[in-house]
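Heads up: the protein sequence lines correspond to chains A and B, in order. Using the numbering used here, you'd call the opening residue of the first sequence number 4 and step up by one each time. Using the numbering used here, you'd call the opening residue of the second sequence number 4 and step up by one each time.
Possibly wrong hints are sitting among the right ones.
Residues from chain A shown here face chain B by an in silico Cβ test under 10 Å; the list is partial [claimed, not checked]:
no., residue
1, Cys-85
2, Lys-295
3, His-318
4, Asp-319
5, Phe-322
6, Gly-358
Simulated from the structure, these hints should not be mistaken for laboratory data. Beta carbons: idealized from backbone N, C-alpha and C, even for Gly.
Number of protein chains: 2
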Amino acid sequence: MKIIEGGVTAAKGFKAASAEAGIKYKGRKDMLLIYSESPCTAAGVFTSNVVKAAPVLWDREICSGIHPVHAIVGNSGIANACTGEEGRKYCSETAVEVSNLLGVPENSVLIASTGVIGMQMNIEAVKKGIGIMVPELSDSLEAGTGAAEAIMTTDTHSKEMAVEFEAGGKTCRIGALAKGSGMIHPNMCTMLSFVTTDVSISHDLLQKALRKVANETYNMISVDGDMSTNDSVMVLANGEAGNSEILEEGQDYKNFEEALYTICKEIARMLAGDGEGATALFTVHVKNADTKENARTLAKSVICSSLTKAMIYGHDANFGRILCALGYSGVVFDPEKVVLSMESTAGSVLLFKNGDPQKFDEDYATKVLSQKEVIAEVDMNMGSEEATAWGCDLSYDYVKINADYRS
Amino acid sequence: MKIIEGGVTAAKGFKAASAEAGIKYKGRKDMLLIYSESPCTAAGVFTSNVVKAAPVLWDREICSGIHPVHAIVGNSGIANACTGEEGRKYCSETAVEVSNLLGVPENSVLIASTGVIGMQMNIEAVKKGIGIMVPELSDSLEAGTGAAEAIMTTDTHSKEMAVEFEAGGKTCRIGALAKGSGMIHPNMCTMLSFVTTDVSISHDLLQKALRKVANETYNMISVDGDMSTNDSVMVLANGEAGNSEILEEGQDYKNFEEALYTICKEIARMLAGDGEGATALFTVHVKNADTKENARTLAKSVICSSLTKAMIYGHDANFGRILCALGYSGVVFDPEKVVLSMESTAGSVLLFKNGDPQKFDEDYATKVLSQKEVIAEVDMNMGSEEATAWGCDLSYDYVKINADYRS
Chain A
4 MKIIEGGVTA AKGFKAASAE AGIKYKGRKD MLLIYSESPC TAAGVFTSNV VKAAPVLWDR
64 EICSGIHPVH AIVGNSGIAN ACTGEEGRKY CSETAVEVSN LLGVPENSVL IASTGVIGMQ
124 MNIEAVKKGI GIMVPELSDS LEAGTGAAEA IMTTDTHSKE MAVEFEAGGK TCRIGALAKG
184 SGMIHPNMCT MLSFVTTDVS ISHDLLQKAL RKVANETYNM ISVDGDMSTN DSVMVLANGE
244 AGNSEILEEG QDYKNFEEAL YTICKEIARM LAGDGEGATA LFTVHVKNAD TKENARTLAK
304 SVICSSLTKA MIYGHDANFG RILCALGYSG VVFDPEKVVL SMESTAGSVL LFKNGDPQKF
364 DEDYATKVLS QKEVIAEVDM NMGSEEATAW GCDLSYDYVK INADYRS
Chain B
4 MKIIEGGVTA AKGFKAASAE AGIKYKGRKD MLLIYSESPC TAAGVFTSNV VKAAPVLWDR
64 EICSGIHPVH AIVGNSGIAN ACTGEEGRKY CSETAVEVSN LLGVPENSVL IASTGVIGMQ
124 MNIEAVKKGI GIMVPELSDS LEAGTGAAEA IMTTDTHSKE MAVEFEAGGK TCRIGALAKG
184 SGMIHPNMCT MLSFVTTDVS ISHDLLQKAL RKVANETYNM ISVDGDMSTN DSVMVLANGE
244 AGNSEILEEG QDYKNFEEAL YTICKEIARM LAGDGEGATA LFTVHVKNAD TKENARTLAK
304 SVICSSLTKA MIYGHDANFG RILCALGYSG VVFDPEKVVL SMESTAGSVL LFKNGDPQKF
364 DEDYATKVLS QKEVIAEVDM NMGSEEATAW GCDLSYDYVK INADYRS
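For reference, chain A alone in the conformation it holds in the complex (with noise of 0.2 Å):
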């Protein structure tokens, strides 16, 4: 497996488009489509949130598996949530207009949204975006990169990421697109990713793919611990790699869940060094824990507490609250046998062990703390099992962000 250049274009026969459709944000770009000549296998995760989004509601059938899949059609500044009948009407109208465009069917197109919740779609808008879009269409890199500016909303910059990997004897493709930033904490403002592969797949494979790969990489990040109504992880197998068709757990799906993990992985880094208003992405990698569900419930504890946040804003080692937060995450354990240190590009500082506080030098420990990822190496002694959450640091401009966000 090896990174390539590119995003949701990347694989073989995967186009896409981006438009300044004037739906909420003036002068930029606010809508992409994905296309695919091909018709794809669908697979998909999306928010836990009783509250779901219109879209989320439309996509969850078409991802099941039943029909092929041909386009995915997103739009930044409104995330069509909480908007009734109303709102699943426009995500009809939405599939409706792409449909005649394209010439495909109607249940065959995939709908994202992201912004301001509460607000009905501005659905003149989308149709004339989507009217721009199509003639668009474009499998060069800097169309997928386009794509994934477009679906930015209070994302410093784009994310995007491509991988290549070997199955059946072929030569295969993942390419990704994703926007992150505020109301992060998937299980779910939005966490969109779209993915798109030639592989060849069966649809319950792909799906367990996903399923698996997502729960180890954006299901481990937060930026603020509310989860949106919104979030989407949505793939889309269109099988021009030509390989012949992954229909079991052989060496081919390895290297295809090892191929979406790695972008997955990397995308989920993305997202959450880029939350809103983050200057570093905070890492914390729990290992010897007594079972794999408690590993990741005491990483995310701590990924998640607003005080740990504060303090690496402040490069500040008061680890006091790194303890307290996995105290509170649920899990029983004995404190005294917990060992932590803070590590980054700029070495390693021992804070605590055998129930004591250790003493370290506060220079060097703030040196360590002021990198741009900082990462907190827990060590429960209670067992063999890891795990690694990724979330940022808490900022006066998250609070400027999300103060008055919908003007």
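Got chain A sorted already, so can you dock chain B onto it with the hints?
Frame of chain A, contents of chain B only:
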């Protein structure tokens, strides 16, 4: 029942003192002592954090009702949490010092600390402080207020309250002090509350009343979702009111419980409204839920959301965030049945009904959301249970206070 002046010295037979011991802070009081010559029945509820501070371990045993209690000694500046064997030894030394100077048994002394976690206690300063306070013990209301001031960390004002009620034909009193501010998400920087009463009541009923009331008050507030290692609510009852001991759940018990609830609710509201960096008290009232537990979970989910908190700070009626936080609470409900409005002394504005966003005047909504207390009224239309939770907004100052708390 009526509200009276004072705090922990309002009840008969309780004295208090405070001192500048120089434990960590400079130029301010940082220790308090509460004392009753008459032996007290004591009850307590403590943090459910797995990482428990040394004083919590000490107090839990003493509040089990085996020994009578005479005193509470408290300090701010250092939390004595994550301090291992050495930290536990300091609890014992503190109790011995109080025991020697007051002539009461060592196991009749409760201890409470709040401040930085993972830093060893300055035990010489603690002993010095006890030496200053013992000769200054006074039953004046000012002495109670002084104690409430000494326990503050990042609190912007001290918190105390007292009420009077009838039991067995006698007038009884309850007084309390508390500190809160950050790391406030009680189930427990620390929430400490000390309650004194001159009622005569059995240990079992005192503990029962405290647990029930704490569950409806202290456990329904959150400043930042971080449950401290030190949270403790302790109540001392010395029986000096002269009522015949409350031994069953009759009218006297009801009067006591109502008085305790009134105090704890108001103290809890003070703690939430004075959360670190807070500019407003954010109250969420959920009604017509299917179960009490679900009503509680829904209300707490909304006050704990960084995004609803930032919205209150920005006076922005971005109500989708409230629905979003209800949606990820874990409670199953039909979003289309929810009716949501925001209220304050400036009026009421309906935001969401029948699954649809409601039209509202933005200027009026901003005015409603700009008051010192902002209330979200959430009607689930599922049943008849209700719950209230109290939080605060999320401001730049929360980040500022916590980015470099140890300095």
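Going through the hints against the structure:
| no. | hint | result |
| --- | --- | --- |
| 1 | Cys-85 | holds (5 Å) |
| 2 | Lys-295 | violated (19 Å) |
| 3 | His-318 | holds (8 Å) |
| 4 | Asp-319 | holds (5 Å) |
| 5 | Phe-322 | holds (6 Å) |
| 6 | Gly-358 | holds (4 Å) |
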